[in-house]
Amino acid sequence: MIHVNTKVNGDDVEFLCDPRETLLDALRDKLGLTGAKEGCGTGDCGACSVTMDGRLVCSCLVLGAEAEGKEIATVEGMAEGENLHILQEKFIEHAALQCGICTPGILVATKNLLEKHPEPTETQVRYWLAGNLCRCTGYDKIIRAVMETAADLRKAS
Amino acid sequence: MAFDETKTEDFKVVGQRVKRPDGVDKVTGKAKFGADAVAPGMLFAAIVRSPHAHARIVKIDTSKAEALSGVKGIVTRADFATGLTGGDLDVLENVMAGEKALYDGHAVAAVAATSQLVARDAAKLVEVEYEVLPHVTDVDKAMASDAPVIREGAADQSVPEGMHPNVVRYHESGHGDIEAGFAEADLVVEDSFKTEATHQGYIEPHACLAQLGGDNKGELWCCTQGHWNVQKLCAAMLGLETSQLRVTASEIGGGFGGKTAVFIEPVALALSRKTNRPVKLVMSRSEVFRATGPTASTSMDIKIGMKKDGTITAGQGTFRLQGGAFPGAPMEFTAMCAFAPYNLQNVKQVGYDVMANRPKQAAYRAPGSPMAAFAVESVIDELCKKLGLDPIEVRLKNASKQGTKASFGPTWDRIGLVETLEAAQSHPHYSAPLKEGQGRGISCGFWFNHGGETSVTLALSEDGTAQLSVGTPDIGGSRASMAQMAAEELGIPYENIRTTIADTATLGYNEVSHGSRVTYASGLATIKAARAAVKILCARAAAKWGIDEDAVVWENGCAKPSGPNAGEFDPLPIEKLTRSMGRTGGPIVGHFEATPEGAGVSFATHIVDAEVDKETGQTKVVRYTVVQDAGKAINPAYVEGQFQGGAAQGIGWALNEEYIYGEDGRLQNSVFLDYRIPVASDLPMIDTVIVEVPNPGHPYGVRGVGETSICPPLAAIANAVSNAAGVRLKELPMSPPRILAALEDQANNG
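Here the protein sequences come in this chain order: A and B.
According to numbering that gives the first Met the number 0, the first sequence is numbered sequentially starting from 0.
According to numbering that gives the first Met the number 0, the second sequence is numbered sequentially starting from 0.
The set of hints was computed from the structure by calculation and includes no laboratory data.
By construction, the Cβ of each residue, glycine as well, lies at the ideal position given by its N, Cα and C atoms.
Do not rely on the hints blindly, as some may be mistaken.
[Said to hold, decoys possible] Derived Cβ-Cβ restraints for the label pairs, each shown as a range:
no., chain 1, residue 1, chain 2, residue 2, range
1, A, Thr122, B, Val148, 47 to 57 Å
2, A, Gly31, B, Asp155, 19 to 29 Å
3, B, Thr84, A, Glu81, 28 to 38 Å
4, B, Arg55, A, Asp11, 51 to 61 Å
5, B, Glu554, A, Asp11, 27 to 37 Å
6, A, Leu60, B, Lys385, 48 to 58 Å
7, B, Asp24, A, Arg19, 54 to 64 Å
8, A, Thr122, B, Asp87, 25 to 35 Å
9, B, Pro586, A, Lys6, 47 to 57 Å
10, B, Thr7, A, Glu81, 25 to 35 Å
[What the hints assert, rightly or not] Calculated from the model, a selection of chain B residues having no Cβ within reach of chain A, i.e. all distances over 10 Å:
no., residue
11, Lys18
12, Val26
13, Asp35
14, Ser62
15, Ala66
16, Gln156
17, Gly175
18, Gln199
19, Ile202
20, Ser283
21, Pro427
22, Arg497
23, Gly584
24, Ala679
25, Ile685
26, Gln745
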């Protein structure tokens, strides 16, 4: 077992993990953060998306041990207290989710996109999210929610 | 509002784009899906699966696995009930192989251990000795005389004599005189089509947490489209009394029909009983592909005759569906849906249910219908082209209407096919110019929709709000539409209703969330449960005022005296009545239980523009419009979502998705990298038009909308691609190699 010290959503945490366990396993099974989902375990669906030191990763492709000394951000850290992040608000408003299993990963990925590219085109949004599978919506309402969030954030800044 | 009255206008909450009540849970990661539950002392399980497409199981040696530290129990078929017959036996055979493994990925044993890693390690140590048998995975080959027999004696009495034992059911329907019809035609087109199996592709793998003690009392948490069905099947498979197993449905991460069956739930229960510990079992994606329900694959022959003016004189279809190693491929639905959009004097359809060494097919969104539309609508398109006719005009000319006889027997009630065609015709998309290399396709589609056993309870709280318990898992926002309908009836704000998906101990039997039935059937039951509660509220007000119950009406959340003879009383708001309910007769609860049979059928017309790169064979869908009859859209945002989702799945099916088997009978593409479902960059925005032709069988006119949206896409896209490529595509998916082969074939043969 490996002893890992890391930071998740701003909190210092530690856990013990098997060398074979993924960061996703550690988040879900060791830290009880089940917002990130395992849809494939092979980095193809993006349901387990988190950021590690600001970089968007599939947590199923990162080993738990690799989190040592890093800063991890998950969907659980998006809202501030009872105030949802504007992306979360827009997803609800636009009916941009049906079953909701892909939603945490898509929100994490989109937040990361808007931090890096505050003025994305529709095509940019579609390619950025090409690693996040959604089987319910056909992506239409997701793209609209993201585009409107980006526009609102620009107005606010 | 009287108990049976229909309401078609002046809606206050219904028709609004309200925010779903579970929205916050879903965007914050709080929502608990199948794999998100834990229990103290929980073990983790892993399943041992056959690597062979068809093999006799000679011996299973678990000794090495048992010796691994942390392993707590192993189950095989011997740990399940014996003496099952019919459908229950088929389900058990699929859940855990008996004498033979029938497909690559068929479960043969399962292990429970103290961690997921140990369970997986132990599964690899289970030694299974197989005697490999000849296999077959293609539908046409499985019907041929030299095909290996999957299982003797599986055919029912419907199968004509002389067929191969792998043909297990037969269907025939239609009316009129086919040959006379073809003789009347100016042009007859006959062609054959094939579609590969596709997977529902829900992003959440099957997951459950089971607890079963030696006293045979159990608790099960699982992601399912129907937990009463899970309860019934698991009880049978483990030899339990149904009522002793309480099943709770988790949030469900997509189903599309694929979570209407059981796969891992009986296994987790068996392991829990054996180890006397809670057992969590979660499938990997590869297991989902290899061992849970894909669609049937098909082979179809279509013959249609048409006059020069576009009148269809006769239609004939033969539909062979391969549904895996068990009976049940939905060939009768394929046959019945094939010509349903058209008013034909002469029509005949034949279906064959064929077994092969593949996983047992499961329902996938309008099971069987999309393939039928692909074949039939391709031939209609070809006829239109050869006769120089407009494809929408031809469909309008032949469209089924109220009072015409359906191709499979019944006479249509009020239906909205013509309205969808007219809306498609006048949509700007239909007349927009196409660019070089692009083609346009249209198609109609049909689905029956379903009612089914339904039980709903609505309990009023002392503050005048309401707790609504329904038994149909919410797979796409149905808690919102239920709350909207309850709020409409009670005359209170939408936010004052809390909708819960109740467990199996709380309500009467509820059929699975399938057949596009939830907004229709649970919605109807919700309306009637609310009306039952309103009746009690009115009675309480009448008692307070000392007037007759019939002299009280319910309006805007208040009891009011009705008419001048009832007396002069101030309206009594719901909250006043509920605050005092303990003293005026006790809790106020409305409930409704029935098997509603008025699910209105639904039709759709889709328009697609596709662009084909003739050098690479790559296709891009550049514009897409869905027009569908929803009867009455309770929450238009989520109706649009169903339209868009069905279209997107159809695009995947038409262009990319397929089960690819090797010569060895093993599935070669069991991960999302190789089984490619549409991603955001593959798709355009998907335009929607909601047509509302009220369903006479629902108090607000609702028709189910979930399934019809996947019926037209395969055909509409095939027509668009064929128009763009200049060659008729007859096999799905229209992947680049197939398009290139069709182009090459055309170049070689003219």
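Here's how the hints hold up against the structure:
1. A:Thr122 / B:Val148: 47 to 57 Å: Since the Cβ atoms of threonine 122 of chain A and valine 148 of chain B sit about 53 Å apart, the hinted range of 47 to 57 Å holds.
2. A:Gly31 / B:Asp155: 19 to 29 Å: violated (50 Å)
3. B:Thr84 / A:Glu81: 28 to 38 Å: Taking Cβ atoms as reference, threonine 84 of chain B and glutamate 81 of chain A lie about 55 Å apart, which means the hint is violated.
4. B:Arg55 / A:Asp11: 51 to 61 Å: holds (57 Å)
5. B:Glu554 / A:Asp11: 27 to 37 Å: Violated, at about 58 Å.
6. A:Leu60 / B:Lys385: 48 to 58 Å: Since leucine 60 of chain A and lysine 385 of chain B have Cβ atoms about 53 Å apart, the given range 48 to 58 Å holds.
7. B:Asp24 / A:Arg19: 54 to 64 Å: violated (32 Å)
8. A:Thr122 / B:Asp87: 25 to 35 Å: violated (52 Å)
9. B:Pro586 / A:Lys6: 47 to 57 Å: Holds - the Cβ-Cβ distance for proline 586 of chain B and lysine 6 of chain A, about 50 Å, lies within 47 to 57 Å.
10. B:Thr7 / A:Glu81: 25 to 35 Å: For threonine 7 of chain B and glutamate 81 of chain A the Cβ distance comes to about 40 Å; the hint is violated.
11. Lys18: violated (5 Å)
12. Val26: At roughly 4 Å from the nearest Cβ of chain A, valine 26 of chain B sits no farther out than 10 Å, so the non-interface label is violated.
13. Asp35: Non-interface label fails for aspartate 35 of chain B: nearest chain A Cβ at 4 Å, not farther than 10 Å.
14. Ser62: holds (25 Å)
15. Ala66: Holds, since 20 Å exceeds 10 Å.
16. Gln156: Label holds. Min Cβ-Cβ 39 Å, cutoff 10 Å.
17. Gly175: holds (39 Å)
18. Gln199: Glutamine 199 of chain B not clear of chain A: closest Cβ-Cβ about 8 Å, inside 10 Å.
19. Ile202: Nearest chain A Cβ is 4 Å from isoleucine 202 of chain B, so the label is violated.
20. Ser283: Answer for serine 283 of chain B: violated, closest chain A Cβ roughly 6 Å.
21. Pro427: holds (18 Å)
22. Arg497: Consistent with the label, arginine 497 of chain B stays out of reach of chain A, its closest Cβ about 17 Å off (over 10 Å).
23. Gly584: holds (39 Å)
24. Ala679: Contrary to the label, alanine 679 of chain B does not stay out of reach of chain A, its closest Cβ about 4 Å off (not over 10 Å).
25. Ile685: violated (5 Å)
26. Gln745: For glutamine 745 of chain B, whose nearest Cβ neighbour in chain A is about 32 Å away, the distance exceeds 10 Å, so it holds.
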